[in-house]
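J.: Chain by chain, the residues run as shown.
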Amino acid sequence: MTEIFGRFDFDVIAQWIQPGERVLDLGCGDGSLLKFLQAERGIRGYGIDNDPANLLACVRNGVNALQFDLEKGLSGFEDDSFDHVIMSLSLQTVRHTVVLLKEMLRVGHEAVVSFPNFGHRSHRAAIAAGRMPVSETLPYQWFDSPNVRFFTIADFEALCRERGIALHEGLFFDEGKRVEQDPNLNADVALYRLGRQA
Amino acid sequence: MTDIRSVGIVTPQSARFDRPITLRGGTTLPGFELVYETYGELNASASNAVLVCHALSGSHHVAGVYPDQPKNVGWWDNLIGPGKPLDTNRFFVVGVNNLGGCYGSTGPMSINPDTGKPYGADFPVVTVEDWVATQAMLADHLGIECWAAVLGGSLGGMQALDWTLQFPDRVRHALIVASTPRLSAQNIAFNEVARQAIMTDPDFHGGHYYEHGVVPVRGLRIARMMGHITYLSDDQMGEKFGRQLRNADGKLKFNFDAEFQIESYLRYQGDKFTTYFDANTYLNTTKALDYFDPAADFGGNLQAALARAKAGFFVASFSTDWRFAPSRSHEIVYALLHNQRDVTYAEVECDAGHDSFLLDDPQYHAVIAAYIDRIAT
Numbered sequence: 097m098t099e100i101f102g103r104f105d106f107d108v109i110a111q112w113i114q115p116g117e118r119v120l121d122l123g124c125g126d127g128s129l130l131k132f133l134q135a136e137r138g139i140r141g142y143g144i145d146n147d148p149a150n151l152l153a154c155v156r157n158g159v160n161a162l163q164f165d166l167e168k169g170l171s172g173f174e175d176d177s178f179d180h181v182i183m184s185l186s187l188q189t190v191r192h193t194v195v196l197l198k199e200m201l202r203v204g205h206e207a208v209v210s211f212p213n214f215g216h217r218s219h220r221a222a223i224a225a226g227r228m229p230v231s232e233t234l235p236y237q238w239f240d241s242p243n244v245r246f247f248t249i250a251d252f253e254a255l256c257r258e259r260g261i262a263l264h265e266g267l268f269f270d271e272g273k274r275v276e277q278d279p280n281l282n283a284d285v286a287l288y289r290l291g292r293q294a
Numbered sequence: 014m015t016d017i018r019s020v021g022i023v024t025p026q027s028a029r030f031d032r033p034i035t036l037r038g039g040t041t042l043p044g045f046e047l048v049y050e051t052y053g054e055l056n057a058s059a060s061n062a063v064l065v066c067h068a069l070s071g072s073h074h075v076a077g078v079y080p081d082q083p084k085n086v087g088w089w090d091n092l093i094g095p096g097k098p099l100d101t102n103r104f105f106v107v108g109v110n111n112l113g114g115c116y117g118s119t120g121p122m123s124i125n126p127d128t129g130k131p132y133g134a135d136f137p138v139v140t141v142e143d144w145v146a147t148q149a150m151l152a153d154h155l156g157i158e159c160w161a162a163v164l165g166g167s168l169g170g171m172q173a174l175d176w177t178l179q180f181p182d183r184v185r186h187a188l189i190v191a192s193t194p195r196l197s198a199q200n201i202a203f204n205e206v207a208r209q210a211i212m213t214d215p216d217f218h219g220g221h222y223y224e225h226g227v228v229p230v231r232g233l234r235i236a237r238m239m240g241h242i243t244y245l246s247d248d249q250m251g252e253k254f255g256r257q258l259r260n261a262d263g264k265l266k267f268n269f270d271a272e273f274q275i276e277s278y279l280r281y282q283g284d285k286f287t288t289y290f291d292a293n294t295y296l297n298t299t300k301a302l303d304y305f306d307p308a309a310d311f312g313g314n315l316q317a318a319l320a321r322a323k324a325g326f327f328v329a330s331f332s333t334d335w336r337f338a339p340s341r342s343h344e345i346v347y348a349l350l351h352n353q354r355d356v357t358y359a360e361v362e363c364d365a366g367h368d369s370f371l372l373d374d375p376q377y378h379a380v381i382a383a384y385i386d387r388i389a390t
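Chains L and P, in that order, are what the protein sequence lines are.
Just so you know, we're using the working numbering here: the first sequence kicks off at 97 and counts up by one.
Just so you know, we're using the working numbering here: the second sequence kicks off at 14 and counts up by one.
Same shape as in the complex, but just chain L:
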């Protein structure tokens, strides 16, 4: 789904990745993030996506892609087999949120997640006006949305604290520009670097 946002989140993610790392991208779409990280960081990357069209696009993009169903978990992946496990703008599309976050931090030393912030002011205004939000970051109608989890930055951080997931770093954006003040209200996208609780 990265095409919605252009590449600004790629740049942020690339900053968090060291050259030559092993990277797993969950819900990798057409593989463009992995391709970018291969070019910028020389990573050894694999993507997972269950959509045959995305798999095909990955093959054409020259990235390793595996057609697995994320809802079935990552049980076949070994502990600590990746430096980073990324989930770019897909967390809201999976049902087993906590299990998957835990799995990402079992398989990866760190996890990187980004998601659309349901708490953004435009979404709040839409709800206040009595309609479900449809925006650049949540571009779907309520009846055709692939999203199954709707949450805000505040919700996500509360979940991480409750479930012992360390928030190593968070960066927030509105229309591709950094947001410092009250991100839960002002940011349409959040990116986090997550770790296991010390």
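Any given hint could turn out to be false.
Claimed, not checked - To give a feel for the contact side, a few chain L residues facing chain P, derived at Cβ under 10 Å:
id, residue
1, Glu136
2, Tyr142
3, Asn146
4, Arg156
5, Gly158
6, Glu174
7, Arg259
Since the hints were made in silico from the structure, they are not lab data.
Beta carbons are placed, not taken as given, at the ideal position from N, Cα and C, and that holds for glycine.
Given the coordinates of chain L, work out where chain P should sit on it, guided by the hints.
T.: The following block gives chain P in isolation, referenced to the frame of chain L:
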């Protein structure tokens, strides 16, 4: 043939190897012959060669037709040809009848030089490793130092996998479709029933039926009928045959004729098979399937077994394949991931069971074509 995407008329060739080869089972053959076909042109650097490995009943006739048999189309013709996923305008494609086969390569029907009679049951059990070793001799013969890719479905996929282990420097890509790193107990069980069907046929004569002028037709037929069940999915069989009766009036006959369409279909498939396939080759090939287990030398650890592979891998499975289910392909994929090998894995939604790999499902052909396209560049 008016199909412009066909390789057209093809001619089998043969290569004779007059030096002894010791097989995995310890037997030495004084020499042997392999029958093969090629499509496309080998380029000057011999870097565009692709080997296509056949499964249980396949042969070297992978694509195209014979001049005198316009309906005898190669078994993977939908994949291979000009403009097809494995494009013969770009690749030099080799199909080979494996050692022990019954399509012209040295096998149980060949004359044993020690006795002057067909080998029959005396032909040694040949393994996947032996096939790959002899395919490598054919590669030498053709001037191919390194395959651009080795490709196979089912048992053919096992050969592709073994190429990456036995000759890691002689294969750049392995395409392993609807395959498994080893048979399960259930898979071996099916093979054993097939073997028992053949070996208990009174016309089997301990495998020396040629000299009696007979063929263990009944056993081979039952083996094929059972095999066929495992190649199809329950859903597809239900869709194709359901409980349809052959009898137009829909009345049960209360006897043992082929009343249901599925019975008639299986009998037909079984009968047809006995007209062209050799029972000893069938026995031999099921043993090759049973014995294949590259992890065995590594205490059952497939990850350790695949550590020496260097190729890039394309692995594909089919949703309704219960013979070699997607989970069997997952084993290969995870073992490759452990070794940080390049791997693409497609799990294709297709209702045709194990035989899906022979069909031209659009999703399957698109992804395999995209992968092969990447090899070429």
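J.: Look at each hint and say if it fits the structure.
T.: Comparing the hints with the structure gives:
Because the smallest distance between the Cβ of Glu136 of chain L and any Cβ of chain P comes to about 19 Å, over 10 Å, the interface hint for this residue is violated. Checking Tyr142 of chain L against chain P: minimum C-beta separation of about 7 Å stays under 10 Å; hint holds. Among the interface hints, the one on Asn146 of chain L holds; its C-beta lies about 8 Å from the nearest C-beta in chain P, closer than the 10 Å criterion. Using the Cβ-Cβ criterion of 10 Å, the hint placing Arg156 of chain L at the interface with chain P is satisfied: the shortest such distance is roughly 5 Å.
The interface hint given for Gly158 of chain L holds, since its Cβ lies 6 Å from the closest Cβ of chain P, which is under the 10 Å cut-off. Residue-level restraint check for Glu174 of chain L holds (minimum Cβ-Cβ distance to chain P is 6 Å; threshold 10 Å). Against a cut-off of 10 Å between C-beta atoms, the interface hint on Arg259 of chain L is violated, since the closest Cβ of chain P lies about 27 Å away.
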